[in-house]
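Numbered per our numbering, the sequence shown spans residues 598 to 666.
Calculated directly from the structure, the hints in this document are not laboratory data. In this text the structure is predicted, and so the values were computed from the model without any measurement. Don't be surprised by glycine CBs; every beta carbon is placed ideally from N, CA and C. Treat the hints with care, as some may be off.
Claimed, not checked - Derived CB-CB ranges, DEER-like:
hint, residue 1, residue 2, range
1, Ser-632, Asp-657, 34 to 40 Å
2, Gln-665, Gln-605, 27 to 33 Å
3, Leu-666, Glu-624, 40 to 46 Å
4, Ile-656, Pro-631, 31 to 37 Å
5, Glu-634, Cys-663, 39 to 45 Å
6, Leu-659, His-628, 34 to 40 Å
7, Lys-660, Glu-634, 35 to 41 Å
8, Asp-618, Lys-660, 24 to 30 Å
9, Ile-600, Gln-665, 22 to 28 Å
10, Arg-658, Gln-605, 15 to 21 Å
11, Thr-621, Met-652, 20 to 26 Å
12, Arg-658, Ala-613, 27 to 33 Å
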Amino acid sequence: MGISIKYQTMARQFEARYDQDFETFREMILHSQPSFEMEQDYFDWELAVTGMADMKEEIDRLKGLCQQL
Numbered sequence: 598m599g600i601s602i603k604y605q606t607m608a609r610q611f612e613a614r615y616d617q618d619f620e621t622f623r624e625m626i627l628h629s630q631p632s633f634e635m636e637q638d639y640f641d642w643e644l645a646v647t648g649m650a651d652m653k654e655e656i657d658r659l660k661g662l663c664q665q666l
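Starting from the given sequences, assemble the full structure and let the hints guide the process.
Structural data, given as structure tokens:
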């Protein structure tokens with residue numbers, strides 16, 4: 598399984614588990630006293646979201662380089 602697909606799958610699983618998107622969950626975590634499990638889920642979900650964004654940025658950068666050739 599590719600890294601991008603793994604991150605997408607993780608994000609979808611968290612969205613289904615908490616029935617909300619990452620930003621909504623993030624706000625809830627920042628303004629509450631989350632359980633250890635919820636806090637761990639926050640860090641894992643954040644990893645998935647930032648990982649997807651980083652990969653998209655890198656793919657776009659590489660596409661730009663290929664177009665210059």
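So, going through the hints one by one against the coordinates:
no., hint, in the structure
1, Ser-632 / Asp-657: 34 to 40 Å, "holds (37 Å)"
2, Gln-665 / Gln-605: 27 to 33 Å, "holds (29 Å)"
3, Leu-666 / Glu-624: 40 to 46 Å, "holds (44 Å)"
4, Ile-656 / Pro-631: 31 to 37 Å, "holds (33 Å)"
5, Glu-634 / Cys-663: 39 to 45 Å, "holds (43 Å)"
6, Leu-659 / His-628: 34 to 40 Å, "holds (39 Å)"
7, Lys-660 / Glu-634: 35 to 41 Å, "holds (39 Å)"
8, Asp-618 / Lys-660: 24 to 30 Å, "holds (27 Å)"
9, Ile-600 / Gln-665: 22 to 28 Å, "holds (26 Å)"
10, Arg-658 / Gln-605: 15 to 21 Å, "holds (20 Å)"
11, Thr-621 / Met-652: 20 to 26 Å, "holds (23 Å)"
12, Arg-658 / Ala-613: 27 to 33 Å, "holds (31 Å)"
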